[in-house]
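Trainee: Which chain is which? The protein sequence lines are L and Y, in order.
Count along the first sequence starting at 1, add 363, and that's the number in the working numbering.
Count along the second sequence starting at 1, add 223, and that's the number in the working numbering.
Mixed in with the good hints there might be a few duds.
[Claimed, not checked] Each pair of labels, with its calculated beta carbon distance range: (1) V461(L) with L453(Y): 25 to 31 Å; (2) A698(L) with D493(Y): 50 to 56 Å; (3) D769(L) with L453(Y): 52 to 58 Å; (4) L453(Y) with R482(L): 43 to 49 Å; (5) A242(Y) with V395(L): 27 to 33 Å; (6) A411(Y) with P448(L): 45 to 51 Å.
[Unchecked claim] Capping the alpha-carbon separation at 25 Å, the derived lysine to aspartate or glutamate pairs in DMTMM-like fashion look like this: (7) K499(Y) with E588(L); (8) K490(Y) with D466(L); (9) K281(Y) with D466(L); (10) K506(L) with D551(L).
[Claimed, not checked] Quick look at which bits of chain L chain Y covers, simulated, 3 or more residues with Cβ under 8 Å: (11) 401 to 413; (12) 530 to 537; (13) 555 to 569.
The set of hints was computed from the structure by calculation and includes no laboratory data.
Remember, it's a predicted structure, so these values are computed and weren't measured experimentally.
Cβ atoms here follow ideal geometry from the backbone N, Cα and C, with glycine treated the same way.
Spelled out, the chains give:
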Amino acid sequence: MTDHSFPKISRRGLLVGAGALAAAGTRPARAVLNIDINQGNVRPMPIALPDFLTGGPTEGDTGRNVTAVITGNLQRSGLFAPINPAAFIEKIANSDKVPSFPDWRAINAEALVTGRITRQGDGRLKAEFRLWDVAAGQQLDGKQYFTTPDNWRRIAHIISDAIYERLTGEKGYFDSRIVFVDETGSKDRRVKRLAIMDQDGAAVRYLTRGDDLVLTPRFNPSTQEITYMSYGQGDPRVYLLNIETGQREIVGNFPGMTFAPRFSPDGQRVIMSLQQGGNANLFVMDLRSKQTTRLTDTPAIDTAPCYSPDGSRICFESDRGGTQQIYVMSANGGAAQRISFGEGHHSTPVWSPRGDFIAFTGQARGSFSIGVLKPDGSGERVLTQGFHNEGPTFAPNGRVLMFFRDVGQGPSLYTIDITGRNELKVPTPSYASDPAWSPLLS
Amino acid sequence: MRKATAISAGLHAAVLLWATLSFSGKSFDVTPAESLPVDFISEKDFSEMTKGVKDAPKVETPKPLVEKKSEEPPKPIEEAKPKVTEKKELQAAKEAAQPEPQPPKPDPIADKLKQPDEPKQAKTEQPLPPKKPPQKPQPKFEPDKIAALLDKRDPQRSAATGVEANATPSLGTAAGSAAQLSQSEIDALRARLMALWNPPVGMQDASQTQVTIRIRFRKDGTLAVGPQVLTSGSGAQFTAMRDSAVRAVFVGQPYTMLRPDHYEQWKEIDFTFDTKQMFHDLPAR
Numbered sequence: 364m365t366d367h368s369f370p371k372i373s374r375r376g377l378l379v380g381a382g383a384l385a386a387a388g389t390r391p392a393r394a395v396l397n398i399d400i401n402q403g404n405v406r407p408m409p410i411a412l413p414d415f416l417t418g419g420p421t422e423g424d425t426g427r428n429v430t431a432v433i434t435g436n437l438q439r440s441g442l443f444a445p446i447n448p449a450a451f452i453e454k455i456a457n458s459d460k461v462p463s464f465p466d467w468r469a470i471n472a473e474a475l476v477t478g479r480i481t482r483q484g485d486g487r488l489k490a491e492f493r494l495w496d497v498a499a500g501q502q503l504d505g506k507q508y509f510t511t512p513d514n515w516r517r518i519a520h521i522i523s524d525a526i527y528e529r530l531t532g533e534k535g536y537f538d539s540r541i542v543f544v545d546e547t548g549s550k551d552r553r554v555k556r557l558a559i560m561d562q563d564g565a566a567v568r569y570l571t572r573g574d575d576l577v578l579t580p581r582f583n584p585s586t587q588e589i590t591y592m593s594y595g596q597g598d599p600r601v602y603l604l605n606i607e608t609g610q611r612e613i614v615g616n617f618p619g620m621t622f623a624p625r626f627s628p629d630g631q632r633v634i635m636s637l638q639q640g641g642n643a644n645l646f647v648m649d650l651r652s653k654q655t656t657r658l659t660d661t662p663a664i665d666t667a668p669c670y671s672p673d674g675s676r677i678c679f680e681s682d683r684g685g686t687q688q689i690y691v692m693s694a695n696g697g698a699a700q701r702i703s704f705g706e707g708h709h710s711t712p713v714w715s716p717r718g719d720f721i722a723f724t725g726q727a728r729g730s731f732s733i734g735v736l737k738p739d740g741s742g743e744r745v746l747t748q749g750f751h752n753e754g755p756t757f758a759p760n761g762r763v764l765m766f767f768r769d770v771g772q773g774p775s776l777y778t779i780d781i782t783g784r785n786e787l788k789v790p791t792p793s794y795a796s797d798p799a800w801s802p803l804l805s
Numbered sequence: 224m225r226k227a228t229a230i231s232a233g234l235h236a237a238v239l240l241w242a243t244l245s246f247s248g249k250s251f252d253v254t255p256a257e258s259l260p261v262d263f264i265s266e267k268d269f270s271e272m273t274k275g276v277k278d279a280p281k282v283e284t285p286k287p288l289v290e291k292k293s294e295e296p297p298k299p300i301e302e303a304k305p306k307v308t309e310k311k312e313l314q315a316a317k318e319a320a321q322p323e324p325q326p327p328k329p330d331p332i333a334d335k336l337k338q339p340d341e342p343k344q345a346k347t348e349q350p351l352p353p354k355k356p357p358q359k360p361q362p363k364f365e366p367d368k369i370a371a372l373l374d375k376r377d378p379q380r381s382a383a384t385g386v387e388a389n390a391t392p393s394l395g396t397a398a399g400s401a402a403q404l405s406q407s408e409i410d411a412l413r414a415r416l417m418a419l420w421n422p423p424v425g426m427q428d429a430s431q432t433q434v435t436i437r438i439r440f441r442k443d444g445t446l447a448v449g450p451q452v453l454t455s456g457s458g459a460q461f462t463a464m465r466d467s468a469v470r471a472v473f474v475g476q477p478y479t480m481l482r483p484d485h486y487e488q489w490k491e492i493d494f495t496f497d498t499k500q501m502f503h504d505l506p507a508r
């Protein structure tokens, strides 16, 4: 027994020894251990936002307000968890000085934003901020802006975007606005006015008086213009409205009703539906030459067109197959390809500014949902579902969707992440519907 | 009395002797079994083997080790599980029984009477003599049907006897002595960093999903110098990714799970942070 096993062992021992020698020979003297970390723990990042310092008592509130707006923005994004200021240990007295990082580490802050608002000699405000990485103990970003004092909110949004982009690696969406339909009055005598506000629901301004009914406002991606559908006495028509001047004009000179307008990505054209008998077809109008082109010619209702971000394709809703579904075709018309095959109806498609998704309103089994699918029709996902959800619109970075929901009395605006998380109600003065998110203002 | 004592003593001695010889003989057998071949794998390789990869291609299960010996496997299987109450059985039983000349007296009469009439009656009256012999012999009779009894499902744990000498890795580290950095220490370190690392969401659809960072540790588990980023890149997504990894490494210190007696091995570690497997089900272009 032992006679047999002994030579075996020794042979293996030799092999092992030879292997060890070979390994020792080929490896560097001290191999560096390599460890793969292939899973993370995605969670809101704890961030400390002490009030911005101010140069004097006149700007006292501004500093606090700017911080409050930034805090609100970051919190609502769902990606940050602002720390309660009551927990702060260090009191920032000089925003140029390197903060005492152990004090911020002690309250588990991972990032810290310090800043200062000072009034310049010419009356303008100077806003500075620094973004610190508490763990690494270094500055990540630092910028300063000059603006008029009444523009402080805009500055706060711009700073929020800078922080967001630096920490998430993605463009922000805070410096943007929402145009929507403000609804007041009783249910049977609703007054609908066009209104515009910051994406966080602040600074609401009304654009129409409410004499006519307004629907589906849409932003021009490049100018301060919106297009919408309105009807008072005559047929519903598509209008163009300049936000700054209040100037209004009818788009196209069509005999029938026009509806569901939307700008092309370059802002030079408006695409919309034109009713012809019981059918509706898509038309596009060049805003400069006023030339109109017919894109579809079907005995069906083609509506809710939306360009892809590169302007090469159009997604729209059509009932040509029997039920309302989403189709994609070339921006010049031609054959359309159906992309929605999920349960129920699919309507109001909107192409993400990133191009990766098309959001839609789904309708199945008596409930309305907001969902996304890829432009090739794959990966359909429902983000939220309920009694009534409708009209999605993408944030400029394509990460957040806004839509309106009516649970009975009247509609309200909501935002939701494209992952389906972080659903939030957007504060509006009264009932609100048909939101449209603007591109980034800066 | 004496005789009995002597016999008892003798037997005891014999048993003891037998036990000593036979047990000691067996104990020699055990030793060579322990000298298993040792695979040289690094800690990384071992972790790779054991962690499971989400995006790995599907590996086909190895072919069954059992060779099929029978030409027509389905038939034997059916016959292997006989159902006693079935009519076919009964007929088969009769056929099997008929050639045997021993019980011929009841057979012809009963057959002629009951076959044209009703098969049910055959069950009640006839079965006793022919039933007993065929039930057992049927599976056993044909030698080529034995193959049907073998389990032909794909082997599940027998892969270890397949082509690879050892498909199921055992804990054999590169320098497998006890005073080395153990796998559990590495796993604890990895688990800590996974818990702390908050990868930026912008990485979801980024082309570059990896960043490698070299860390030099002090003996107390804190960082000796700032992390050294080995991956080069640019752009907002890269910087956000890099900073998130650096942040995790900073926040995690001191790394007390690394024992000082193995310091030589962990005083410098390269960490590769990779989001590729993280956002599998989330939107990606």
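Trainee: Take the hints in turn and mark each one as holding or not.
Mentor: Cross-check of the supplied hints:
For V461(L) and L453(Y), the Cβ-Cβ distance of about 27 Å falls inside the hinted range of 25 to 31 Å, so the restraint holds. Between A698(L) and D493(Y) the beta carbons are some 53 Å apart, a value that agrees with the proposed interval 50 to 56 Å. Distance hint for D769(L) and L453(Y): a CB-CB separation of about 54 Å, consistent with the stated range 52 to 58 Å. At roughly 47 Å, the beta-carbon separation of L453(Y) and R482(L) lies within the given 43 to 49 Å, and the hint holds.
As the Cβ distance of A242(Y) to V395(L) is approximately 55 Å, the hint placing it in 27 to 33 Å is violated. The given range of 45 to 51 Å is broken by A411(Y) and P448(L), whose C-beta atoms sit roughly 35 Å from each other. Taking the CA atoms of K499(Y) and E588(L), the gap is near 41 Å; set against the 25 Å cutoff, the hint is violated. Restraint check: the Cα-Cα separation between K490(Y) and D466(L) comes to about 28 Å, which exceeds 25 Å; the hinted pair is violated.
In summary, the hint linking K281(Y) to D466(L) is not supported, as the alpha carbons are separated by about 50 Å, beyond the 25 Å threshold. A distance of roughly 51 Å separates the Cα atoms of K506(L) and D551(L); the hinted pair therefore is violated under the 25 Å criterion. Look at the region 401 to 413 of chain L against chain Y: 7 of its residues bring a Cβ nearer than 8 Å to a Cβ of that chain, three or more, so the hint holds. With a threshold of 8 Å between beta carbons, the proposed coverage of the region 530 to 537 of chain L by chain Y holds, since 5 of its residues qualify and at least three are required.
Counting residues of the region 555 to 569 of chain L whose beta-carbon sits less than 8 Å from any beta-carbon of chain Y gives 0, not enough to reach three: the coverage restraint is violated.
When each numbered hint is compared with the structure, violations occur for hints 5, 6, 7, 8, 9, 10 and 13.
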